[in-house]
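Visitor: Hey, can you work out the whole structure from these sequences and the hints?
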Amino acid sequence: MDFGYTPGQEALRREVRAFIAEHITPEVMAEMDGHNEGLLGVTLGTSRGPAVRELFRKIYERGWTGISYPKEYGGQGSDRLSQYIVEEEFARANVAIGLTGTGAPAILAAGTEEQKRHYVPRLISGEFRFAQGFTEPRGGADLASLQCRAVRDGDEYVINGQKMYTSGAHYCTHIYLMARTDPDAPKHKGISVFVFPMDTPGITVRPLWTIQNDPKAPTRTTYGQSRTNETFFDDVRVPKTALLGKENEGWTVGTLGLNLDRVGAARYLISVLRDEDIINWVKENRLGGYSPADNPAIRDKIAELWIEAQVCRLMTMRSMSIVERGGHFSYEGSAEKVWAPEHGVKTSEAITQMLGPYAQLLNGSPRAVEKGIFAHNLMGSFQSGINHGSTQVMRDQVARRGLGLPRGKKG
Amino acid sequence: MDVLLNEDEAMLRSTTREFLDAECPPSLVRKMEQDAKGYPDSLWRKIAELGWQGMALPEKYGGLDLPLVQLGLILDEVGRAVAPLPLHSTVVAALTIARDGSEAQRAAILPDVVKGQTILTWAFTEQDPRLLPETIHTQAIADGKDFVINGTKLFVDNFVAADRCLVVCRTAPASSDNAGLSLFLVDAKSPGISHTPLVTLAKDKQSEVVFRDVRIPGSNLIGELNQAAPIVERMLDRATALLCAQMLGATRKDAEMAIEYAKYREAFGQPIGAFQSIQHICADMIIWIDGGSLLTYEALWKMDQDLPASVEVSQAKAFCNEKCEAVVRFSQIIHGGIGFMMELDLHLWFRRVSAWTMRLGTTYEHRARIARALLDFPGRVVLGRPVPVVPEA
Numbered sequence: 003m004d005f006g007y008t009p010g011q012e013a014l015r016r017e018v019r020a021f022i023a024e025h026i027t028p029e030v031m032a033e034m035d036g037h038n039e040g041l042l043g044v045t046l047g048t049s050r051g052p053a054v055r056e057l058f059r060k061i062y063e064r065g066w067t068g069i070s071y072p073k074e075y076g077g078q079g080s081d082r083l084s085q086y087i088v089e090e091e092f093a094r095a096n097v098a099i100g101l102t103g104t105g106a107p108a109i110l111a112a113g114t115e116e117q118k119r120h121y122v123p124r125l126i127s128g129e130f131r132f133a134q135g136f137t138e139p140r141g142g143a144d145l146a147s148l149q150c151r152a153v154r155d156g157d158e159y160v161i162n163g164q165k166m167y168t169s170g171a172h173y174c175t176h177i178y179l180m181a182r183t184d185p186d187a188p189k190h191k192g193i194s195v196f197v198f199p200m201d202t203p204g205i206t207v208r209p210l211w212t213i214q215n216d217p218k219a220p221t222r223t224t225y226g227q228s229r230t231n232e233t234f235f236d237d238v239r240v241p242k243t244a245l246l247g248k249e250n251e252g253w254t255v256g257t258l259g260l261n262l263d264r265v266g267a268a269r270y271l272i273s274v275l276r277d278e279d280i281i282n283w284v285k286e287n288r289l290g291g292y293s294p295a296d297n298p299a300i301r302d303k304i305a306e307l308w309i310e311a312q313v314c315r316l317m318t319m320r321s322m323s324i325v326e327r328g329g330h331f332s333y334e335g336s337a338e339k340v341w342a343p344e345h346g347v348k349t350s351e352a353i354t355q356m357l358g359p360y361a362q363l364l365n366g367s368p369r370a371v372e373k374g375i376f377a378h379n380l381m382g383s384f385q386s387g388i389n390h391g392s393t394q395v396m397r398d399q400v401a402r403r404g405l406g407l408p409r410g411k412k413g
Numbered sequence: 368m369d370v371l372l373n374e375d376e377a378m379l380r381s382t383t384r385e386f387l388d389a390e391c392p393p394s395l396v397r398k399m400e401q402d403a404k405g406y407p408d409s410l411w412r413k414i415a416e417l418g419w420q421g422m423a424l425p426e427k428y429g430g431l432d433l434p435l436v437q438l439g440l441i442l443d444e445v446g447r448a449v450a451p452l453p454l455h456s457t458v459v460a461a462l463t464i465a466r467d468g469s470e471a472q473r474a475a476i477l478p479d480v481v482k483g484q485t486i487l488t489w490a491f492t493e494q495d496p497r498l499l500p501e502t503i504h505t506q507a508i509a510d511g512k513d514f515v516i517n518g519t520k521l522f523v524d525n526f527v528a529a530d531r532c533l534v535v536c537r538t539a540p541a542s543s544d545n546a547g548l549s550l551f552l553v554d555a556k557s558p559g560i561s562h563t564p565l566v567t568l569a570k571d572k573q574s575e576v577v578f579r580d581v582r583i584p585g586s587n588l589i590g591e592l593n594q595a596a597p598i599v600e601r602m603l604d605r606a607t608a609l610l611c612a613q614m615l616g617a618t619r620k621d622a623e624m625a626i627e628y629a630k631y632r633e634a635f636g637q638p639i640g641a642f643q644s645i646q647h648i649c650a651d652m653i654i655w656i657d658g659g660s661l662l663t664y665e666a667l668w669k670m671d672q673d674l675p676a677s678v679e680v681s682q683a684k685a686f687c688n689e690k691c692e693a694v695v696r697f698s699q700i701i702h703g704g705i706g707f708m709m710e711l712d713l714h715l716w717f718r719r720v721s722a723w724t725m726r727l728g729t730t731y732e733h734r735a736r737i738a739r740a741l742l743d744f745p746g747r748v749v750l751g752r753p754v755p756v757v758p759e760a
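Protein chains in written order, with the working numbering: chain A, 3 to 413; chain B, 368 to 760.
To be clear, the hints were calculated from the coordinates, so they are not data collected in a lab.
Since the structure is predicted, the reported quantities are computational estimates derived from the model, not experimental observations.
By construction, the Cβ of each residue, glycine as well, lies at the ideal position given by its N, Cα and C atoms.
Among these hints, one or two may not hold up.
[As the list claims (entries may be wrong)] DSS-like, lysine-lysine: derived pairs with alpha carbons at most 30 Å apart:
| # | chain 1 | residue 1 | chain 2 | residue 2 |
| --- | --- | --- | --- | --- |
| 1 | A | K118 | A | K248 |
| 2 | A | K348 | B | K482 |
| 3 | A | K191 | B | K630 |
| 4 | B | K570 | B | K556 |
| 5 | B | K570 | B | K398 |
| 6 | B | K482 | B | K413 |
| 7 | A | K285 | A | K189 |
| 8 | A | K189 | A | K348 |
| 9 | A | K242 | A | K73 |
| 10 | A | K189 | B | K630 |
| 11 | A | K73 | A | K348 |
| 12 | B | K512 | B | K556 |
| 13 | A | K191 | A | K242 |
| 14 | B | K630 | A | K411 |
| 15 | B | K620 | A | K411 |
[Stated by the list, open to error] Now the stretches of chain B that chain A is said to cover, found in silico as 3 or more residues with beta-carbon under 8 Å:
| # | segment |
| --- | --- |
| 16 | 371-383 |
| 17 | 694-705 |
Guide: Listed below in structure tokens is the structure:
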């Protein structure tokens with residue numbers, strides 16, 4: 003067991019911190035204000051401000067957007083922990099650079115050589131960005147019951163169906179889609195994964211506004227996005243080269259990408275930044291003459307939350323260690339995906355009882371504490387326990403895959 | 368950074384487990400609950416041959432000089448087997464002698480510890496059970512070249528079996544310079560010592576120990592006079608982290624018994640483990656145990672690197688106190704009525720884990736220590752970076 007970083011990793015951390023001190027300017031933060039889609043979302047999508055675009059270019063030039071990806075596909079060929087360090091430092095500076103998302107790991111794992119060469123360098127450079135088309139109106143947690151159809155027609159597939167919560171679909175360049183290619187096979191065995199451009203004819207994107215839209219959540223809020231989408235596919239024709247992995251083996255491809263994407267700084271930091279925020283806030287502030295940091299009940303709760311946050315960090319380190327050893331997860335990724343989101347919710351709720359009525363004030367309100375982040379966070383924190391696999395589904399996986407408990411009879 | 372076991376560690380764990388599976392069945396655990404001394408000599412000698420007592424002691428005295436992380440893995444397995452051995456108290460005291468004792472003290476004690484010929488313990492707690500210097504009233508008063516000790520210590524682990532005991536005494540009132548504590552190495556059979564066994568939930572061997580005009584030579588002082596507080600804090604931190612490892616081993620085994628039971632016990636036409644209400648409890652049990660392990664081994668690893676670890680130790684113990692108790696409670700619940708029966712072995716684990724949550728610092732004490740580090744010093748707190756070191760109170 004080794005819980006430390008190498009001198010090289012420590013040096014990288016110092017380098018990133020120095021870069022942040024120099025380049026995350028007030029202009030950058032002003033352009034990102036109200037846009038919580040992450041750096042690339044802001045660059046490609048809703049803000050497109052010059053300072054943010056320039057910042058992204060500089061980060062890319064340093065190789066940090068693809069630090070752990072192989073050199074032949076535009077990465078730096080470095081270790082996964084170095085990528086984590088870069089992501090962590092930027093996330094703490096309120097700039098989410100979780101860039102390649104679910105797509106790049108899945109393409110590297112399942113793509114053809116041509117697909118790897120086409121997509122991975124452009125995901126790293128920010129030219130491409132994938133929206134994820136997994137969930138449907140009738141099923142999110144039960145992902146394998148999806149009904150969106152892809153029918154082979156000569157050298158093409160014809161896609162029809164509807165996807166929900168396709169976040170970023172209004173600015174992403176491509177969709178990364180799970181569709182049913184064999185309706186007669188058992189549900190997990192008839193699914194395929196496709197990647198194709200969003201400007202393919204027949205795609206319609208309609209906005210879905212979240213409860214964090216009005217007012218806009220401040221930067222650093224958990225989730226914090228004002229908009230997601232539903233996306234419709236009407237006779238969308240894509241070439242057979244859009245298929246990722248083998249036909250009808252998309253379940254493996256998709257869940258592999260999901261598993262790998264759960265690992266990283268971003269997913270755990272959204273669940274623990276609030277712990278730091280409330281600790282540092284009560285250290286430095288009073289409400290009238292009252293210091294919450296002197297309240298014994300609050301002190302006990304803060305310590306309890308802090309310990310749980312450390313467990314979030316350590317579970318992320320465990321997942322990193324597993325990835326570095328080849329990525330053979332049994333239940334550990336699912337365990338992390340239970341613990342961290344539920345911790346994030348617990349902290350968000352505990353803070354409301356530390357600050358009382360101040361915790362209800364939203365961004366822009368008079369007397370708002372830290373731009374209302376604690377109130378916005380209360381709306382966003384439970385989202386991380388829902389998307390990318392709910393904590394209930396994750397517990398099923400821990401119990402069945404990790405502990406070998408039997409599947410129950412169908413009710 | 369690789370928080371998984373390396374090859375050596377995995378090998379150590381599996382050989383230790385195989386050994387205890389063969390040598391320490393639950394029937395032995397039950398038998399030793401009724402034994403006056405509480406441990407079998409033969410097993411104690413065998414583990415000395417395997418090097419457990421000397422695992423983290425210097426090679427110079429016959430030890431293996433391995434990191435505390437590896438000693439933690441041994442205690443993890445000792446906990447798994449709920450093995451009736453005075454190992455925890457012995458290694459905790461021996462590590463303090465190795466680190467803070469004089470060359471003469473080390474040479475006099477440690478080789479016999481390594482050989483399994485000396486059993487050690489330590490005595491800190493008095494009537495006020497908090498782990499704070501101000502709770503110490505047992506006095507050691509200088510008399511010529513000797514010290515004379517008077518006072519009463521509680522919850523002294525394995526005193527009935529111990530040859531020597533490290534006794535924390537007050538040698539001066541607390542001052543701005545120091546807490547006025549000193550640490551003495553005391554022969555457990557010294558004239559003037561009497562002890563009364565306590566009847567505990569774990570049915571382990573703890574004693575109330577009374578010191579009445581106990582005369583010990585001045586050469587048995589560990590470290591400097593009045594300067595023992597930091598030595599004692601390090602001793603208690605090591606003891607706490609190692610106890611967490613032992614608790615987690617016992618808790619994981621306890622959870623595994625419940626999970627296996629859930630796989631074959633049928634109700635309503637299927638194994639109870641097929642019901643999600645049971646599955647989700649089992650998932651939480653494993654998540655909690657894993658979380659406790661990560662916290663514990665990070666604390667031990669930091670001690671091995673000579674980094675400040677008091678916050679990490681408190682994190683581990685506060686978490687394990689709550690979560691290990693919850694796991695063994697759920698394990699009882701999954702077993703239903705049979706878990707309440709003496710003939711099932713499950714209670715051997717339930718009673719010990721529960722008792723260990725109460726020793727070496729309660730959840731509230733450890734959280735208070737963490738809160739002090741987080742809140743009472745200037746500067747911003749960042750997760751994953753060191754927080755201010757908690758100074759001795």
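Visitor: None of the hints should be skipped; say for each whether it holds.
Guide: Structure-based check of each hint:
no.: 1; hint: A/K118 <-> A/K248; in the structure: 15 Å, holds
no.: 2; hint: A/K348 <-> B/K482; in the structure: 50 Å, violated
no.: 3; hint: A/K191 <-> B/K630; in the structure: 28 Å, holds
no.: 4; hint: B/K570 <-> B/K556; in the structure: 23 Å, holds
no.: 5; hint: B/K570 <-> B/K398; in the structure: 11 Å, holds
no.: 6; hint: B/K482 <-> B/K413; in the structure: 10 Å, holds
no.: 7; hint: A/K285 <-> A/K189; in the structure: 53 Å, violated
no.: 8; hint: A/K189 <-> A/K348; in the structure: 35 Å, violated
no.: 9; hint: A/K242 <-> A/K73; in the structure: 27 Å, holds
no.: 10; hint: A/K189 <-> B/K630; in the structure: 26 Å, holds
no.: 11; hint: A/K73 <-> A/K348; in the structure: 41 Å, violated
no.: 12; hint: B/K512 <-> B/K556; in the structure: 20 Å, holds
no.: 13; hint: A/K191 <-> A/K242; in the structure: 19 Å, holds
no.: 14; hint: B/K630 <-> A/K411; in the structure: 14 Å, holds
no.: 15; hint: B/K620 <-> A/K411; in the structure: 28 Å, holds
no.: 16; hint: 371-383; in the structure: holds (count 4)
no.: 17; hint: 694-705; in the structure: violated (count 0)
Violated hints for the displayed structure, listed by number in ascending order: 2, 7, 8, 11, 17.
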